[in-house]
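J.: Chains as they are written, first to last, in our numbering: chain A, 16 to 529; chain B, 9 to 115.
Hints are computed from structural coordinates only; laboratory data are not their basis.
Among the clues, some could well be false.
Stated by the list, open to error - Taking CB as the label site, the calculated pair distances span:
hint: 1; chain 1: A; residue 1: G37; chain 2: B; residue 2: Y39; range: 53 to 59 Å
hint: 2; chain 1: B; residue 1: D57; chain 2: A; residue 2: E42; range: 50 to 56 Å
hint: 3; chain 1: B; residue 1: G69; chain 2: A; residue 2: V223; range: 35 to 41 Å
hint: 4; chain 1: B; residue 1: K105; chain 2: A; residue 2: L70; range: 48 to 54 Å
hint: 5; chain 1: A; residue 1: N266; chain 2: B; residue 2: K79; range: 43 to 49 Å
hint: 6; chain 1: A; residue 1: V45; chain 2: B; residue 2: Y39; range: 45 to 51 Å
hint: 7; chain 1: B; residue 1: V19; chain 2: A; residue 2: S224; range: 44 to 50 Å
hint: 8; chain 1: B; residue 1: D57; chain 2: A; residue 2: K46; range: 38 to 44 Å
hint: 9; chain 1: A; residue 1: V215; chain 2: B; residue 2: R113; range: 32 to 38 Å
hint: 10; chain 1: A; residue 1: E494; chain 2: B; residue 2: V19; range: 30 to 36 Å
hint: 11; chain 1: B; residue 1: K79; chain 2: A; residue 2: E54; range: 29 to 35 Å
As the list claims (entries may be wrong) - Here are the computed lysine-lysine pairs in the BS3-like style, where the Cα-Cα straight-line distance is at most 30 Å:
hint: 12; chain 1: A; residue 1: K101; chain 2: A; residue 2: K77
hint: 13; chain 1: A; residue 1: K216; chain 2: B; residue 2: K31
hint: 14; chain 1: A; residue 1: K216; chain 2: B; residue 2: K67
Yeah, the Cβ is synthetic: ideal placement off N, Cα and C, and Gly gets one too.
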Amino acid sequence: MSLRSNVLDLRKRKKEVQKGGGDKAIEKQVKMGKLTARERILALLDKNSFHEYDLFVEHAAKDFGMEGKTLHGDGVIIGTGTIYNKPVCIFAQDFTVAGGSLGLMHARKITKIMDHALKMRVPLIGINDSGGARIQEGVNSLAGYGEIFFRNTLASGVIPQISVILGPCAGGAVYSPALTDFVFVVENISKMFITGPSVVKSVLGEEVSMEELGGARVHAEITGNAHFYAQTELDCFEQIKTLISYIPRNNSRKALAHKPKAPLKGTKVEDIVPADPRIPYDMREVIKSITDGSEFLEVMEDFAPNIIIGFGRMNGETVGFVANQPMVLAGVLDIDSSDKAARFIRYCDSFNIPIVTMEDLPGYLPGVDQEHAGVIRHGAKILYAYSEATVPKITVIVRKAYGGGYIAMNSRHLRADFVFAWPTAEIAVMGPEGAANIVFRKEIAEAENPEEMRQQKIEEYKQKFANPYVAAAQGYIDEVIEPSETRARILHALQVSENKSASMPAKKHGIPPF
Amino acid sequence: MAEEKEFKNLVVQGAVYKTTFTKKFENRVNYVSPNPNEIYSFIPGTIIDLFVKTKQKVKEGETLLLLEAMKMENQVRMPFNGEIVKIHIKKGDVIPKRHLMLEIRPI
């Protein structure tokens with residue numbers, strides 16, 4: 016027998032298995048508006064870069080009629096490839112094979128590629144499209160999930176982990192994405208929940224559709240489980256590639272530098288921000304006025320939009336931005352925004368990405384709902400994250416920096432490396448209105464015309480404290496700068512910080528308030 | 009600015025800020041101090057039994073009704089010695105969470 020016939024046999028076998036669940040199941044998948052698992056991998060990775068492993072793996076289940084049933088690849092495709100010529104490990108659940116259900120061998124394939132990613136220190140991308148546990152395989156499928164979650168945790172902060180939800184992801188399965196760094200969802204395709212609409216209805220009598228309970232929009236806007244939202248799968252893959260271009264391959268490297276670019280000409284930063292601290296503006300415009308090419312990749316755009324997080328480049332190098340957004344809820348800190356920012360700060364710190372903080376906030380959001388939902392412990396997250404971060408930390412105080420909000424937003428006291436303030440900055444325990452009412456309570460109450468006295472005292476307080484110079488006199492801010500100098504100052508600060516050496520006391524790990 | 013009309017006011021420590029609200033913020037539930045004379049359901053479920061009538065005097069700790077939820081029968085008890093003022097439910101009713109079930113008063 017010639018070698019040729021062996022090769023032909025191999026090709027035949029491969030072709031057979033690569034069809035996944037077969038033409039009928041593929042047709043169904045397409046009808047749902049979804050690409051197949053293989054198409055997804057090929058669309059995401061560099062052309063001709065994908066190499067598959069464990070194609071011929073088969074399940075060994077015996078119960079409930081599983082014996083003799085062939086499930087190609089056991090419902091998941093694993094392999095390696097490249098994005099922008101840099102290696103990644105990837106798995107994609109194949110919904111056409113037994114609904115992408117997770118059995119023992121399916122899980123083993125996933126954990127194999129996860130182990131590989133961690134050992135090789137390359138990013139891991141997981142495409143989720145699965146009906147959940149393969150019930151016929153019982154406790155083995157639970158074991159499989161557990162092994163995956165454990166590895167997600169091991170790899171956390173070592174390699175980037177990206178989850179792409181392109182179909183259902185329900186029950187225990189949701190906890191793998193939840194443990195990873197970035198979750199991508201697509202309109203009408205992604206569905207994530209712990210208990211589905213039918214259980215919710217039967218137990219609680221609450222009528223809710225799958226989309227309303229755990230659709231893409233819900234996770235992008237309400238729950239904060241998703242970091243990126245796209246209209247189509249192909250848009251989603253473009254977002255993943257863009258993200259990959261901003262982040263390093265692992266925690267011992269820096270993100271690859273790009274060619275430095277100047278911000279786009281046009282908007283001047285001083286034209287964006289009104290001097291009156293009570294009038295809003297779009298902080299994203301301020302960020303874009305200082306980043307290379309005015310490019311900014313916003314993360315969690317629609318969740319807690321009162322704080323902005325995302326990546327931009329300064330002189331070609333990746334920088335993480337955290338910024339209050341006066342346009343939404345006056346830019347206050349609250350439970351959601353603290354949680355959102357804290358996690359991002361920890362991400363940047365883990366992956367050697369300097370953090371630039373743009374500050375303009377009136378403080379924490381008042382309200383019984385906030386207090387009862389635990390704004391104390393949730394609000395503490397952002398303090399913890401900034402204090403713990405040892406990457407270069409630069410703050411620009413644009414306007415208001417009041418009270419606890421001032422301390423929390425990477426103040427000098429949390430060991431910010433550079434703190435700049437615009438001349439419009441107001442660093443104070445609270446705004447003039449609130450402060451005057453307390454400090455001059457007696458004078459106001461005893462005045463012939465209390466309202467007139469109140470205004471007079473507010474003005475007095477404004478003159479005295481609503482400026483950056485009181486804090487500058489203490490050295491709490493390093494320099495009061497002109498708005499047009501912002502980019503140059505940050506660039507210089509980053510240059511000076513390039514070999515920053517700072518560390519935390521030796522410990523196993525801290526106990527952050529989560 | 010053309011969008012200026014859409015801005016809303018948010019008061020933080022005496023200062024009024026022009027800004028926009030999120031859906032989540034607008035949908036937040038305003039806090040109402042609980043009235044000890046009103047008994048609400050703490051979970052959605054089914055009233056499987058009701059043991060009291062209007063004007064009946066009830067001692068603290070006596071079971072007023074059974075609310076079945078999540079396959080559990082929950083006994084709803086009288087919080088103090090008092091009287092049943094008004095009953096808003098009947099046996100077999102399926103009720104949501106925070107549904108007013110009984111009005112009572114201490115005696």
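J.: Would you mind marking each hint as holding or not holding in the structure?
T.: Verification of the supplied hints:
| no. | hint | verdict |
| --- | --- | --- |
| 1 | A:G37 x B:Y39: 53 to 59 Å | 57 Å, holds |
| 2 | B:D57 x A:E42: 50 to 56 Å | 53 Å, holds |
| 3 | B:G69 x A:V223: 35 to 41 Å | 37 Å, holds |
| 4 | B:K105 x A:L70: 48 to 54 Å | 50 Å, holds |
| 5 | A:N266 x B:K79: 43 to 49 Å | 47 Å, holds |
| 6 | A:V45 x B:Y39: 45 to 51 Å | 50 Å, holds |
| 7 | B:V19 x A:S224: 44 to 50 Å | 37 Å, violated |
| 8 | B:D57 x A:K46: 38 to 44 Å | 49 Å, violated |
| 9 | A:V215 x B:R113: 32 to 38 Å | 36 Å, holds |
| 10 | A:E494 x B:V19: 30 to 36 Å | 33 Å, holds |
| 11 | B:K79 x A:E54: 29 to 35 Å | 44 Å, violated |
| 12 | A:K101 x A:K77 | 41 Å, violated |
| 13 | A:K216 x B:K31 | 24 Å, holds |
| 14 | A:K216 x B:K67 | 36 Å, violated |
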